[in-house]
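K.L.:
With chain A fixed as given, assemble chain B onto it according to the hints.
Protein sequence lines correspond, in order, to chains A and B.
Start counting the first sequence at 0; every next residue gets the next number (numbering that gives the first Met the number 0).
Start counting the second sequence at 0; every next residue gets the next number (numbering that gives the first Met the number 0).
Among these hints, one or two may not hold up.
In silico lysine-lysine, DSS-like type, Cα no more than 27 angstroms apart, as pairs [stated by the list, open to error]:
| hint | chain 1 | residue 1 | chain 2 | residue 2 |
| --- | --- | --- | --- | --- |
| 1 | A | Lys244 | B | Lys244 |
| 2 | B | Lys22 | A | Lys78 |
| 3 | A | Lys289 | B | Lys412 |
| 4 | A | Lys412 | B | Lys78 |
| 5 | A | Lys401 | B | Lys244 |
| 6 | B | Lys289 | B | Lys244 |
| 7 | A | Lys412 | B | Lys401 |
| 8 | B | Lys412 | A | Lys176 |
Derived contacts from chain B toward chain A, CB cut-off under 10 angstroms, selection only [claimed, not checked]:
| hint | residue |
| --- | --- |
| 9 | Ala42 |
| 10 | Ile72 |
| 11 | Ala90 |
| 12 | Arg100 |
| 13 | Trp120 |
| 14 | Phe224 |
| 15 | Val253 |
| 16 | Val423 |
Since the hints were derived computationally from the structure, they do not count as laboratory data.
Backbone N, C-alpha and C fix where the C-beta goes; we use that ideal spot for every residue, glycine too.
Number of protein chains: 2
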Amino acid sequence: MPMFLNSKDADFDAAFARLLTMKREDSPDVDATVADIIADVRARGDAAVIELTATFDRMQLTPETLAFSADEIETEIAKVSPEERAALELAADRIRAYHDRQMPSDASWDGPHGEMLGWRWTAVEAAGLYVPGGLASYPSSVLMNAIPAQVAGVERLVICAPTPDGVANPLVLLAAKLSGVETIYRIGGAQAIAALAFGTQTIDPVDKITGPGNAFVAAAKRRVFGRVGIDMIAGPSEILVIADKHNDPDWVAVDLLSQAEHDESAQSILITDDAEFGQAVADAVERRLKTLERRAIAGPSWQDYGAVVVVQDMDEAVTLSDRIAPEHLEIACENADDIAARIRHAGAIFIGAYTPEAIGDYIGGPNHVLPTARSARFSSGLSVMDFVKRTTLARMTPEALKAIGPAAETLAKAEGLEAHGLSVRARLERLNDE
Amino acid sequence: MPMFLNSKDADFDAAFARLLTMKREDSPDVDATVADIIADVRARGDAAVIELTATFDRMQLTPETLAFSADEIETEIAKVSPEERAALELAADRIRAYHDRQMPSDASWDGPHGEMLGWRWTAVEAAGLYVPGGLASYPSSVLMNAIPAQVAGVERLVICAPTPDGVANPLVLLAAKLSGVETIYRIGGAQAIAALAFGTQTIDPVDKITGPGNAFVAAAKRRVFGRVGIDMIAGPSEILVIADKHNDPDWVAVDLLSQAEHDESAQSILITDDAEFGQAVADAVERRLKTLERRAIAGPSWQDYGAVVVVQDMDEAVTLSDRIAPEHLEIACENADDIAARIRHAGAIFIGAYTPEAIGDYIGGPNHVLPTARSARFSSGLSVMDFVKRTTLARMTPEALKAIGPAAETLAKAEGLEAHGLSVRARLERLNDE
Numbered sequence: 000m001p002m003f004l005n006s007k008d009a010d011f012d013a014a015f016a017r018l019l020t021m022k023r024e025d026s027p028d029v030d031a032t033v034a035d036i037i038a039d040v041r042a043r044g045d046a047a048v049i050e051l052t053a054t055f056d057r058m059q060l061t062p063e064t065l066a067f068s069a070d071e072i073e074t075e076i077a078k079v080s081p082e083e084r085a086a087l088e089l090a091a092d093r094i095r096a097y098h099d100r101q102m103p104s105d106a107s108w109d110g111p112h113g114e115m116l117g118w119r120w121t122a123v124e125a126a127g128l129y130v131p132g133g134l135a136s137y138p139s140s141v142l143m144n145a146i147p148a149q150v151a152g153v154e155r156l157v158i159c160a161p162t163p164d165g166v167a168n169p170l171v172l173l174a175a176k177l178s179g180v181e182t183i184y185r186i187g188g189a190q191a192i193a194a195l196a197f198g199t200q201t202i203d204p205v206d207k208i209t210g211p212g213n214a215f216v217a218a219a220k221r222r223v224f225g226r227v228g229i230d231m232i233a234g235p236s237e238i239l240v241i242a243d244k245h246n247d248p249d250w251v252a253v254d255l256l257s258q259a260e261h262d263e264s265a266q267s268i269l270i271t272d273d274a275e276f277g278q279a280v281a282d283a284v285e286r287r288l289k290t291l292e293r294r295a296i297a298g299p300s301w302q303d304y305g306a307v308v309v310v311q312d313m314d315e316a317v318t319l320s321d322r323i324a325p326e327h328l329e330i331a332c333e334n335a336d337d338i339a340a341r342i343r344h345a346g347a348i349f350i351g352a353y354t355p356e357a358i359g360d361y362i363g364g365p366n367h368v369l370p371t372a373r374s375a376r377f378s379s380g381l382s383v384m385d386f387v388k389r390t391t392l393a394r395m396t397p398e399a400l401k402a403i404g405p406a407a408e409t410l411a412k413a414e415g416l417e418a419h420g421l422s423v424r425a426r427l428e429r430l431n432d433e
Numbered sequence: 000m001p002m003f004l005n006s007k008d009a010d011f012d013a014a015f016a017r018l019l020t021m022k023r024e025d026s027p028d029v030d031a032t033v034a035d036i037i038a039d040v041r042a043r044g045d046a047a048v049i050e051l052t053a054t055f056d057r058m059q060l061t062p063e064t065l066a067f068s069a070d071e072i073e074t075e076i077a078k079v080s081p082e083e084r085a086a087l088e089l090a091a092d093r094i095r096a097y098h099d100r101q102m103p104s105d106a107s108w109d110g111p112h113g114e115m116l117g118w119r120w121t122a123v124e125a126a127g128l129y130v131p132g133g134l135a136s137y138p139s140s141v142l143m144n145a146i147p148a149q150v151a152g153v154e155r156l157v158i159c160a161p162t163p164d165g166v167a168n169p170l171v172l173l174a175a176k177l178s179g180v181e182t183i184y185r186i187g188g189a190q191a192i193a194a195l196a197f198g199t200q201t202i203d204p205v206d207k208i209t210g211p212g213n214a215f216v217a218a219a220k221r222r223v224f225g226r227v228g229i230d231m232i233a234g235p236s237e238i239l240v241i242a243d244k245h246n247d248p249d250w251v252a253v254d255l256l257s258q259a260e261h262d263e264s265a266q267s268i269l270i271t272d273d274a275e276f277g278q279a280v281a282d283a284v285e286r287r288l289k290t291l292e293r294r295a296i297a298g299p300s301w302q303d304y305g306a307v308v309v310v311q312d313m314d315e316a317v318t319l320s321d322r323i324a325p326e327h328l329e330i331a332c333e334n335a336d337d338i339a340a341r342i343r344h345a346g347a348i349f350i351g352a353y354t355p356e357a358i359g360d361y362i363g364g365p366n367h368v369l370p371t372a373r374s375a376r377f378s379s380g381l382s383v384m385d386f387v388k389r390t391t392l393a394r395m396t397p398e399a400l401k402a403i404g405p406a407a408e409t410l411a412k413a414e415g416l417e418a419h420g421l422s423v424r425a426r427l428e429r430l431n432d433e
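Chain A on its own, in the form it takes in the complex (with noise of 0.2 angstroms):
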């Protein structure tokens, strides 16, 4: 049975508080191990990642087989259906226009004394991609992490995808090349991000690493996080929703186990402002999860961090879903899109019934790399953003340094840098003389 609310109880703020803290990620610590898969491919290069493909892939490949060819994608990605591309390509193009209008834009204008400020944004160079392989393989996150890279004008975009036991998914390949990536490498774990990071013989090193990844993956990016950029490090994913009595509970039941069923340590809520819908839907979740293919991970998911809250009322729907912050919010009731707005930290909000949040994980628009464990109260989803980077720009005139230069001396007098008030004071004293 998955936890049942109600905000009249009296350990409500308990019970709440505990399914806010509530643990649910259990990664090995696996850092040890990392640390030292990248000292070796730092020092060996190719050869390194080489052996470690072949033990943990069982893949044996050389420098010039560790990226596929031209030729074997082809030959992956013949193997899709047309229905299949057909989705594809619209996904693709539904998350390319949505991002699109996310490029921000440069900005310089002159300041009292005729000087210039302004600051000028620039995409980061090289992207590498990480796409876990086996189950987690999935296309879609191909098209969330690339295109916005893509659109950002990224000029060298690269994955690094394991295929275990030679084993690749040609969607991942239809993916990449419907979202501008140059080259895709047969290569995972801490091995691939080490050589994403500082290169090998035959990778370049890149500038940014986005993508999922497992407990290596995640502890090898922490790791080489400042050497070059990354994303988040994601938690388990989990949804809320938000439902009054005048919705169908069968389609919140589903929409809860769609989060379920990722992964064991995802987390479904839901609130409702009525009590009898709340169990309701409880019971088509059980009806549900009878037949259900992934019914051996969505089960265990729901049973042991699934929760029903019933509130008094909206307002105070509004302020728990703030308290939890959650990384997927759906709102199906009435008045779906003031509730909407009040909301204040959430990664992604699904407004109305007709929109479950699978809409948003494939073809929606908006990206589905989100914040995860309360983090939406201080970032955001994944975006063009995390591919460009901003130069401020200043240009004084002989005008604006004398007007403004000698604030700038009595504070580096104060801050007791001496040479930063000199830097000002050798200017001003060749402008006092002319």
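P.N.:
Positioned in the frame of chain A, the structure of chain B alone reads:
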């Protein structure tokens, strides 16, 4: 003697590569100590913070005196001279005017099937700013960290500023007041970061922590990252000056020294197309070093990490500058604006002979918290964007779900995520029945 390189020399590439990979940081490994301090603060709260402050800062605090009182702040601020106050106010006004322009815009639009797509920006609720004690207690850094947060709309902005032996910095307190800081705790080190991230009986936790600090502070920020947001982990500061012979060598020399005086690990590099000018600058540095107050710091920085690089033309200067990806870049040459426009990787550019970097450190308007150690390749300086986060929005119409839902189902099936597909299918069945 600093390094002298000439791009004509046979061994230039190797020498320049050494310059790029020079290890300047030698932070002690304090991670284990920091882990203990964080655990202690989580377990014992105020009591741990108070004990550690007594040990490290020789200050006996109580829960009631952890923060400065309003009276104490006014008493300290009264010590600031009118000249210093005016300078700080001018700096705050200019920094605010610059950052006001950085607020990103919300967006929403209709897709091809009447669906609504968009995003909304909201401010982080609470931010904590770390201000080092002692020599590196810079009021300018308070403005540079707090004003972007204030502009973003952060409601609760607090500072942790240790006061070793009880000595406070009146200008820091004034800067805090000018930038809307609510509370100033006189605590520092890893214990302050732990208190900000996890809260204590007296100190409410925040969502984001920014600001510079020593090795303990940096290690603590790394450890609490994820629980809260952090800004970058900054390395030693650096400047690159691109200058032709039409400059006063002494101006360039003091600019190089204004970086060198920060820290023995700071790096100052001149790139010039005129070898004689390069030598003249190096001579001017030596002259200035004879009398500079902080020569004991600036001297070793210049000797150990300084460099003069002679290039054949300004095209080469641009190429080398992008390989350095400098934190601060001064461009003082003919067509400086054109050269600036061609630079891709730099934290901040100061254009023309009348824009010494010190202007940017204090009063120009742009932020002085900038990416170090070549990280301008993939990251930006501090800005309003660091204190806001984006929630993506989507609202499908029945028509939109009919149009794009089947593609989502196809992709869900391809990824083996049945419930994802069912969440779309359940709705489409109803719509098809209608």
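K.L.:
All the hints need checking, so say for each whether the structure fits it.
P.N.:
Structure-based check of all given hints:
| no. | hint | in the structure |
| --- | --- | --- |
| 1 | A:Lys244 / B:Lys244 | violated (77 angstroms) |
| 2 | B:Lys22 / A:Lys78 | violated (49 angstroms) |
| 3 | A:Lys289 / B:Lys412 | holds (19 angstroms) |
| 4 | A:Lys412 / B:Lys78 | holds (16 angstroms) |
| 5 | A:Lys401 / B:Lys244 | holds (24 angstroms) |
| 6 | B:Lys289 / B:Lys244 | holds (24 angstroms) |
| 7 | A:Lys412 / B:Lys401 | violated (68 angstroms) |
| 8 | B:Lys412 / A:Lys176 | holds (21 angstroms) |
| 9 | Ala42 | violated (15 angstroms) |
| 10 | Ile72 | violated (18 angstroms) |
| 11 | Ala90 | holds (6 angstroms) |
| 12 | Arg100 | holds (6 angstroms) |
| 13 | Trp120 | holds (9 angstroms) |
| 14 | Phe224 | holds (9 angstroms) |
| 15 | Val253 | holds (4 angstroms) |
| 16 | Val423 | holds (6 angstroms) |
Checked against the numbered hints given earlier, the structure breaks hints 1, 2, 7, 9, 10 and satisfies all the rest.
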